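A.B. asks: Please build the complete structure, drawing on both the sequences and the hints.
Line order of the protein sequences matches chains V and G. For the first sequence, this note's numbering assigns the number 46 to the initial residue and increments by one for each residue that follows. For the second sequence, this note's numbering assigns the number 7 to the initial residue and increments by one for each residue that follows.
Hints in this document: simulated from the structure, not taken from any laboratory. The structure presented is a predicted model; accordingly, all values stated were derived computationally and were not measured. Misleading hints may appear alongside valid ones.
Said to hold, decoys possible - No farther apart than 30 Å at their CA atoms in a straight line, the calculated lysine-lysine pairs in the DSSO-like style are these:
id, chain 1, residue 1, chain 2, residue 2
1, V, 101, G, 36
2, V, 101, V, 87
3, V, 101, V, 47
4, V, 112, V, 47
5, V, 101, G, 58
6, G, 36, G, 58
7, G, 36, V, 47
8, G, 58, V, 47
9, G, 58, G, 19
10, V, 87, G, 19
11, G, 36, V, 87
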Amino acid sequence: QKEVEQNSGPLSVPEGAIASLNCTYSDRVSQSFFWYRQYSGKSPELIMSIYSNGDKEDGRFTAQLNKASQYVSLLIRDSQPSDSATYLCAPRGTGNQFYFGTGTSLTVIP
Amino acid sequence: DAGVTQSPTHLIKTRGQHVTLRCSPISGHKSVSWYQQVLGQGPQFIFQYYEKEERGRGNFPDRFSARQFPNYSSELNVNALLLGDSALYLCASSWRTVPNTEAFFGQGTRLTVV
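C.D. replies: Encoded structure:
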């Protein structure tokens, strides 16, 4: 049973702060990792992908991957109220299907 | 370019009925996957198709079936609907089926079974 665990929410941060979202996964053969943002009542929207150990930056977002520790994280700098959503961690293994966590709900307080 | 389109957006069915959900992938994408998302949970994998062939199946009963057409669009069929089938059904489109490939979701079909 492949499992994905995300830090329990809800997570609240003030506007302008850094939001840190964490994820651990059980499937050691997972090769690629994706972060999706999902607004209430909407479908998931891809915001970041990461395939190699280390950091990957895209604008205000930084994804970090450590395959040895089976850990992936997402940092959101200068958080904005529009970042308030549920963030889904999604490893993808050799079967090419996503295994989603239950998500972390983030609220950015103006 | 159009994104992933799903139809219908909302649907209400009665227990025991059958439902067909449809998905058109992004132009050029050959793989379609289906996911079920119940309230408060992450999406759960149902099926993956690539070039009209089933490439993966999740832990769902045989009441769930799917197919992919020559134009790469796809249908998800659910027979003998149960109340527990009420969920958001998501279609994800990607151009190939190797792990380092991004997938993009449609807006989903919200199915309510009464």
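A.B. asks: Against the structure, test the hints numbered earlier, and report the numbers of the ones violated in rising order.
C.D. replies: Hint 5 is the one this structure does not satisfy, whereas the remaining hints hold.
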